[in-house]
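Order-wise, the sequence lines are chains A and B.
According to our numbering, the first sequence is numbered sequentially starting from 1.
According to our numbering, the second sequence is numbered sequentially starting from 1.
Mixed in with the good hints there might be a few duds.
[Claimed, not checked] No farther apart than 30 Å at their CA atoms in a straight line, the calculated lysine-lysine pairs in the DSSO-like style are these:
| hint | chain 1 | residue 1 | chain 2 | residue 2 |
| --- | --- | --- | --- | --- |
| 1 | B | Lys-68 | A | Lys-83 |
| 2 | A | Lys-39 | B | Lys-127 |
| 3 | A | Lys-83 | B | Lys-5 |
| 4 | B | Lys-68 | A | Lys-77 |
| 5 | B | Lys-72 | A | Lys-83 |
| 6 | B | Lys-102 | A | Lys-57 |
| 7 | B | Lys-5 | A | Lys-85 |
| 8 | A | Lys-85 | B | Lys-68 |
| 9 | B | Lys-68 | B | Lys-58 |
| 10 | A | Lys-57 | A | Lys-42 |
| 11 | A | Lys-85 | B | Lys-102 |
| 12 | A | Lys-14 | B | Lys-58 |
| 13 | A | Lys-57 | B | Lys-71 |
| 14 | B | Lys-91 | A | Lys-85 |
| 15 | B | Lys-76 | B | Lys-28 |
| 16 | B | Lys-91 | B | Lys-28 |
| 17 | B | Lys-102 | A | Lys-83 |
| 18 | A | Lys-39 | B | Lys-68 |
| 19 | B | Lys-68 | B | Lys-127 |
| 20 | B | Lys-72 | A | Lys-77 |
| 21 | B | Lys-102 | B | Lys-127 |
| 22 | A | Lys-42 | B | Lys-71 |
| 23 | B | Lys-58 | B | Lys-91 |
| 24 | A | Lys-57 | B | Lys-91 |
| 25 | B | Lys-72 | B | Lys-102 |
| 26 | B | Lys-28 | A | Lys-83 |
| 27 | A | Lys-39 | B | Lys-58 |
| 28 | A | Lys-13 | B | Lys-28 |
| 29 | B | Lys-58 | A | Lys-77 |
| 30 | B | Lys-55 | A | Lys-77 |
| 31 | A | Lys-77 | B | Lys-102 |
| 32 | B | Lys-102 | A | Lys-104 |
| 33 | A | Lys-57 | B | Lys-55 |
| 34 | B | Lys-127 | A | Lys-57 |
| 35 | A | Lys-106 | B | Lys-72 |
| 36 | A | Lys-77 | B | Lys-5 |
| 37 | A | Lys-85 | B | Lys-28 |
| 38 | B | Lys-72 | B | Lys-28 |
| 39 | A | Lys-106 | B | Lys-102 |
Since the hints were made in silico from the structure, they are not lab data.
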Amino acid sequence: MDKFFLNKIISSKKGQSAVEYILLLGVISALGVTIINNKRFKDFIAGQDGLFAIMKKGMAYSYCYGRENDSTDVDQKLNFDYKSKNHDTYYNSTGGHTHFFTNKAKYP
Amino acid sequence: MKYNKGQSTIEFILTFTATVGFIFLFLKTALNYTNGYMVQHAVFMASRGYLVYDKQIKGDYGDADAEKHAKKIFEKYLPAPLINGFDGTLKANDPENMSFNKAFIGVYVDFEQVFSLGFIGGKDMVKFRAESFLGREPTRYEGYEQTCAAIITALDGAGSACDIHVTLDDNGG
């Protein structure tokens, strides 16, 4: 009797989709929780040098200086005190020359 | 589990939520950029006022009053309720303090805004700085001072002030 009942359950396909759905949901949830709680992932997203920190610095720098951020110290650039010539819109610190230009030869 | 009724509705709700979330995300980012453009425009208009303001009083270059004038223009173009949470104050680099770096004479404002993707990227504010360095035109009093100095120099120091009647000729140089 019990064997017959067991066979009846196993041979029946009822509930297969629901079981698969629940199992898949469980696996995906576990995977998601593992990834979100992973330290490296957290550092990548929200760390001091993470994705969004770099995006924020890039936005702030490009808003002020009108060019892509290639600076290593954005905070210093954003707190520029105008006491030197090193303003990235006007002066190329790497090349050691200004962004202004004029004619090389005297006008006739 | 037996019935399929409501499956489409649930799927619609889930995808609709995700779609609307993305739309709002882009809207928020667009608003942030718009706020930035508005601040830059207000700073530019304020710097134009700072450039030409002339107190027209002998003995006073009027830089401090020019800064106040620029602030009024700034507040006119960017009234307080226009940008939610705007905390910037217009500051000026006046010619007296910028004797080394004349290129930076003008006005600027520092302000902070919430990051568009704050719900993912954290709640730290993002610092922005909007600058407009148009300089400062010489006032009538400065023109008077310089003309007097030119007269005194031309006359080899004869007379210690502009109390001599002379005819000035502009050679266009």
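**Prompt:** Going through the earlier hints one by one, which of them does the structure break, listed in rising order?
**Reply:** The structure breaks hints 3, 7, 12, 18, 22, 26, 27, 28, 29, 30, 33, 35, 36, 37; every other hint is satisfied.
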